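**Q** Sequence:
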Amino acid sequence: MAIDEDVWTSDATYALGTFKLITWTSGTWPLQEGVFASIRFGIAVVLGLGVLVSLLMEIQLSCGSTDENLDFFGVMAATIRGLTKLIFTKIHRENLETIISSALKDWSSIVDGSSAKDIMRKYARRTNLVCRIYIGSGLVIVTTMMLDALPVSSSSSSNETISSEELVKRIPLRTMCVFGNMSTSAYWTVFILQGVQLLNIFIIDSGNDSFFFGIAMHLCGQFDALAALYDELLEKNGEQRDWKMKKFVERHSYLLDLARRLQDTFDNILVVVLMADGLHICLLGIQIILLSRDNEMIPMVKSTLSFLLILGNLFLYSYTGDYLSTLSQNVQEVVYTCPWYEFPPNIVRNLMFVMARAHVPFRLTAGRFYTMNMDSFKEILKASFSYFSVLRIMFEE
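Those letters in the sequence shown? Residues 37 to 433, by our numbering.
Be careful, since some hints might not be right.
[Said to hold, decoys possible] Pairs of lysine-lysine, BS3-like flavour, derived with a Cα cap of 27 Å:
| no. | residue 1 | residue 2 |
| --- | --- | --- |
| 1 | Lys280 | Lys158 |
| 2 | Lys141 | Lys56 |
| 3 | Lys283 | Lys126 |
| 4 | Lys56 | Lys153 |
| 5 | Lys141 | Lys280 |
| 6 | Lys126 | Lys280 |
Everything labelled a hint here was simulated from the structure, so no lab data went into it. Since this is a predicted model, take the numbers as computed values, not measurements.
With the hints as constraints, model all of the structure from the sequences given.
**A** This is the structure:
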């Protein structure tokens with residue numbers, strides 16, 4: 037699209053480039069729609085469905101250990117979560133396109149050196165730092181699953197040369213019962229395919245979380261920059277002030293519309309995220325306790341990182357919803373503290389409309405009924421550790 041080519045500045049690349057790469061890979065980058073994007077989207081969906089089918093078949097065969105079965109359900113939860121994000125971001129592409137297009141225009145139109153641009157850069161730095169940590173943690177989990185699946189010798193203590201027949205073959209998803217005995221070439225083909233499937237799950241799940249956080253933080257920056265725009269308004273006189281006030285009111289209304297589009301896009305996604313994360317936390321609680329008793333280090337690291345990543349996932353949504361709500365509500369405080377009594381009646385009336393809209397803050401919800409904020413995250417955290425305590429007592433007895 038033209039806007040993607042003409043307004044893609046160096047600042048925009050720094051702020052949004054990572055998210056463009058992630059969503060482009062799965063064919064859901066909002067500013068690109070076409071045959072190749074649809075093909076990439078289809079491949080991502082097929083890879084995800086392939087994981088679900090193979091895991092369901094493996095569970096039905098009932099030939100895995102307890103740890104493996106818990107892994108199967110955990111990967112299924114992550115896959116369902118990722119596919120939900122993938123499909124709904126594709127369905128609501130127009131909403132995301134509007135938000136991204138607005139972000140690109142903001143980066144190209146706001147003057148360098150202005151307080152608004154400084155605020156935007158501050159949020160961009162914060163976003164990149166958080167997303168690098170989050171994405172890096174996800175890649176570590178995928179890597180540990182791949183390393184744990186590498187073929188090992190059935191008699192590793194021996195110093196003699198071990199033939200290929202003596203190697204215990206394993207694959208990343210551990211679905212050996214489904215595939216049965218395989219030749220060496222078929223084994224490595226399946227190994228690489230499942231590695232790609234794991235990477236795909238990571239992209240459509242954690243990648244979309246990072247994408248959400250990136251665009252939501254840009255909106256937070258724009259709400260924060262409204263205060264700077266209002267300070268400029270107070271410095272003007274006469275017609276200039278009236279014109280600036282009109283811009284302020286329009287900008288506030290526009291940002292609320294963008295926030296509503298973000299809410300509409302992720303509302304159903306968050307319902308699935310909460311259910312899948314709740315199931316995954318329960319499974320990981322059992323798995324971590326079992327692995328700690330058996331001193332299995334690599335699986336233990338993987339399970340612990342998975343648990344922390346799920347909490348990080350919930351924290352991203354809760355923190356973003358809470359912060360966006362606070363900033364949208366702070367607008368009324370900014371307006372109220374100005375010398376509104378010195379303004380003409382028509383400007384005062386506009387200010388009253390702004391305060392009335394800001395009095396009902398934006399709320400990021402799951403299914404229109406569960407508010408995602410820091411209070412909700414604290415409740416989830418307390419419930420998770422209470423569950424761990426009960427599990428530990430049960431296994432000790």
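**Q** State for each hint whether it applies.
**A** Okay, the hints, checked on the actual structure:
no.: 1; hint: Lys280 - Lys158; result: holds, 25 Å
no.: 2; hint: Lys141 - Lys56; result: holds, 16 Å
no.: 3; hint: Lys283 - Lys126; result: violated, 32 Å
no.: 4; hint: Lys56 - Lys153; result: holds, 21 Å
no.: 5; hint: Lys141 - Lys280; result: holds, 19 Å
no.: 6; hint: Lys126 - Lys280; result: violated, 37 Å
The structure is inconsistent with the numbered hints 3, 6, although it conforms to all the rest.
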